[in-house]
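Protein chains: 2
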Amino acid sequence: MAIALIPGLGGASQAQGPAITDFYLENGLHVVVIPDHRAPVVTHMIWYKVGGADEPKGKSGIAHFLEHLMFKGTEKNPGGFSKQVAELGGQENAFTSLDYTAYFQRVAKEHLGAMMAFEADRMTGLALTDEVVNPERNVVLEERKMRVDNDPGSQLAEEIASTLFTHHPYGTPIIGWEDEIEGLTRQDAIDFHARFYTPNNASLIVAGDITAEGVRTLAEATYGQVARRAEPPPRLRPQEPPQRADRRVRLADKRVEQPIYQRHWRAPSYIRARNGEGEVLDLLSQILGGGQTSRLHRSLVVDKKVASAAGAFYGGSAVDETRFGVWGIPMPGVSFETLEAAIDEEIARIVGEGVTDDELERAKTRLVADAIYAQDNQSTLARYYGTMLSVGGKVEDLQLWPQRIAAVAAERLPEVGRLVLTNGKSVVGLLEGQA
Amino acid sequence: MAIALIPGLGGASQAQGPAITDFYLENGLHVVVIPDHRAPVVTHMIWYKVGGADEPKGKSGIAHFLEHLMFKGTEKNPGGFSKQVAELGGQENAFTSLDYTAYFQRVAKEHLGAMMAFEADRMTGLALTDEVVNPERNVVLEERKMRVDNDPGSQLAEEIASTLFTHHPYGTPIIGWEDEIEGLTRQDAIDFHARFYTPNNASLIVAGDITAEGVRTLAEATYGQVARRAEPPPRLRPQEPPQRADRRVRLADKRVEQPIYQRHWRAPSYIRARNGEGEVLDLLSQILGGGQTSRLHRSLVVDKKVASAAGAFYGGSAVDETRFGVWGIPMPGVSFETLEAAIDEEIARIVGEGVTDDELERAKTRLVADAIYAQDNQSTLARYYGTMLSVGGKVEDLQLWPQRIAAVAAERLPEVGRLVLTNGKSVVGLLEGQA
Chain A
30 MAIALIPGLG GASQAQGPAI TDFYLENGLH VVVIPDHRAP VVTHMIWYKV
80 GGADEPKGKS GIAHFLEHLM FKGTEKNPGG FSKQVAELGG QENAFTSLDY
130 TAYFQRVAKE HLGAMMAFEA DRMTGLALTD EVVNPERNVV LEERKMRVDN
180 DPGSQLAEEI ASTLFTHHPY GTPIIGWEDE IEGLTRQDAI DFHARFYTPN
230 NASLIVAGDI TAEGVRTLAE ATYGQVARRA EPPPRLRPQE PPQRADRRVR
280 LADKRVEQPI YQRHWRAPSY IRARNGEGEV LDLLSQILGG GQTSRLHRSL
330 VVDKKVASAA GAFYGGSAVD ETRFGVWGIP MPGVSFETLE AAIDEEIARI
380 VGEGVTDDEL ERAKTRLVAD AIYAQDNQST LARYYGTMLS VGGKVEDLQL
430 WPQRIAAVAA ERLPEVGRLV LTNGKSVVGL LEGQA
Chain B
30 MAIALIPGLG GASQAQGPAI TDFYLENGLH VVVIPDHRAP VVTHMIWYKV
80 GGADEPKGKS GIAHFLEHLM FKGTEKNPGG FSKQVAELGG QENAFTSLDY
130 TAYFQRVAKE HLGAMMAFEA DRMTGLALTD EVVNPERNVV LEERKMRVDN
180 DPGSQLAEEI ASTLFTHHPY GTPIIGWEDE IEGLTRQDAI DFHARFYTPN
230 NASLIVAGDI TAEGVRTLAE ATYGQVARRA EPPPRLRPQE PPQRADRRVR
280 LADKRVEQPI YQRHWRAPSY IRARNGEGEV LDLLSQILGG GQTSRLHRSL
330 VVDKKVASAA GAFYGGSAVD ETRFGVWGIP MPGVSFETLE AAIDEEIARI
380 VGEGVTDDEL ERAKTRLVAD AIYAQDNQST LARYYGTMLS VGGKVEDLQL
430 WPQRIAAVAA ERLPEVGRLV LTNGKSVVGL LEGQA
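Heads up: the sequence lines are chains A and B, in that order. For the first sequence, the residue numbers in the working numbering are 30 to 464. For the second sequence, the residue numbers in the working numbering are 30 to 464.
Possibly wrong hints are sitting among the right ones.
You can't tell identical chains apart in this list, so a pair holds if it fits in one copy or across any two.
[Stated by the list, open to error] Dumping the calculated DSBU-like pairs for lysine-lysine here, alpha-carbon to alpha-carbon at most 30 Å: (1) K423 / K138; (2) K105 / K283; (3) K138 / K393; (4) K423 / K334; (5) K86 / K454.
Think of the hints as simulated: they come from the structure by calculation, not from any bench.
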């Protein structure tokens, strides 16, 4: 399992990028083709618009558990998928996020049709028996133990999430709560699969040495044979009520070697933004805490020497309201209070005084350049498109993103900053050692 | 709407109390009869085993909203119920809690049959049109505005609840979150009613100048004619995952005239207790913070003069894990830190050193005496039984309660105290004024 957290949306402008095309199959499957002829390989990704935040009450972890079970074989291919991918010299990967679940393979281009046939097969033909499901549940429980129970940082991350999103399902960990994972059954997996794994709830992204027509022919012969299995309802999750009190969580554990201060605010995602707040927050995050020229780094690490590292992030790719965060690692002997005061000062300064034209230009250039560099990596670019479509955006949203970043006016940064980075609407998380 | 929070379960021993009987009608309705012949009146209560914590995802407030709509009339009685109760000289009341919803009337005994006929009628015949439902939704929204939006103390209470119960539905306010109340429809109310308002999901408590046989005859002629409408599933709510970090919420508002410090821990309810923890926690709450002889009062108010009032509570009547809490109102000029240190000291002392035999005996006497006094009030006693049955207990649990309290050994108080009142497993809530 990997958890997607793409700080910016990235993107490619039409002028500079490859000629990306998209179309729909008759059964509703959305197909995006990203030509890249530098090598005779293809990246094949199928993205389902379903993640941890779409799970039924009490069934946390089922989206991720199903991701595991997708590798267990089908009626046609009882041996499972991975061995065959490996035999064809391919690489594969899969991950579950709060909003989507995706399956990737990278293979020589002549095997693209085989990958499509495999994925189309397991979209409907998944064969799940208790003999397969029950041991895999233990694998997931073990995964949770390793990743969370043994890691105070992950524990605090779960605490921050569940304290920031007390009602919205973004507060529930993707891997699930232990007692609910224990209760997940074969039937839960079958039901979830039948409800969400349907061509009209998926996006196919193919990047590589292939044409749109070539993809269409292969896709129609494979995915095109899969009937719509269900009509997934609109993704109306319970929304988080207004936060009215400052919230603070503190975890002390003797295994912590490096204390960390974090503060997370709820923030509009690109999809939820009404007035371009997504682009503004990406720029704000960049200026406040993106790398060594950022304000937090210069102030906390270089000038005041209260932190050994500091930064900011914005998780703009989300169906619902998401997060903006800042963090810092205190220098030995520096208290959280001192570090927090220094961070608060930078936040007050940026929302109070705004940013300089020079800072803004540099941030825009850097964000857009990152997006252009991303085009060099076939799978990174494919991921951008898969993510965008899976959270409810369109192909054009990514293509226009550099222009939209370029168009952000300086006065919008303090304006949106005041809206989002308000006192009393955040969770502060403190991780510290213990004697 | 009233929210039930009975600190102790109260109860009546068989030896001292009236001859309480209970039986079931064929359709599953559980009937409890509490004779009380001091006056020719009866208290009639119907309790449904459904409350805020049983609501579907995204439909918070539907249990309470339905309670309002239950007064809107049926096909047989389009004018509604209340006018008729009033015409008969009766009083009525209703309330929704997290675990149950109850409807009460107190009338001259000759009208008991009429009350039963009314309640049986609205158990099935509720007539809901948009003309009735839509304005009532505004009434509830207005109620929320008055009770919560205008009251920082209620806002903090919601924050504490949602931060203590981030996953379990006890973190959701009974009245509902505003955006979800706005979305509640006539159909939501009809569905909820059809699913939960069925005789096999209800308890009828009749207290007053009546015999068991008299109640049975009337009940069979009225409630007995109602078929089972549904088979409500077991009340398996998502359970709260282990808490790993200290949590703290702080609300500052200029309307706050009196700051308050609160700390709430998750604690087993009577129903969830495996080894009699409920009785122990009631005693612990009594000794720590029950009235002016309690430790918190003597230490904080009398000796140290850091608080003008202080106390403790335990909400033992709950289907699932519940709360134990302590609170204090700081004297002017006393900081929360000072007050908290004094409270922490008392908690450390009681879990570290336990209680004296003398303290324990006085606490037992007081709790049992309160329960006996409660028998003097017909409706209080009826409420005890209704609550107990609605959270999954039995009539005997209440009848044996005084004996169980009497049997608690002194060493169990620090033992259970250590289990429940641990550091890092609580939410501290701070309410303060603002210039």
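Verification of the hints:
Only within a single protomer do K423 and K138 lie at most 30 Å apart by alpha-carbon distance; the minimum there is 26 Å, versus 69 Å between protomers. In this assembly of identical chains, the alpha carbons of K105 and K283 never lie at most 30 Å apart, being 51 Å within a copy and 68 Å across copies at closest. For the identical chains of this complex, K138 and K393 are neighbours neither inside a copy (36 Å) nor across copies (79 Å), given an alpha-carbon limit of 30 Å. For the identical chains of this complex, K423 and K334 are neighbours neither inside a copy (44 Å) nor across copies (64 Å), given an alpha-carbon limit of 30 Å.
Proximity of K86 and K454 under a CA criterion of 30 Å is satisfied in both settings, with 26 Å inside one chain copy and 24 Å between copies.
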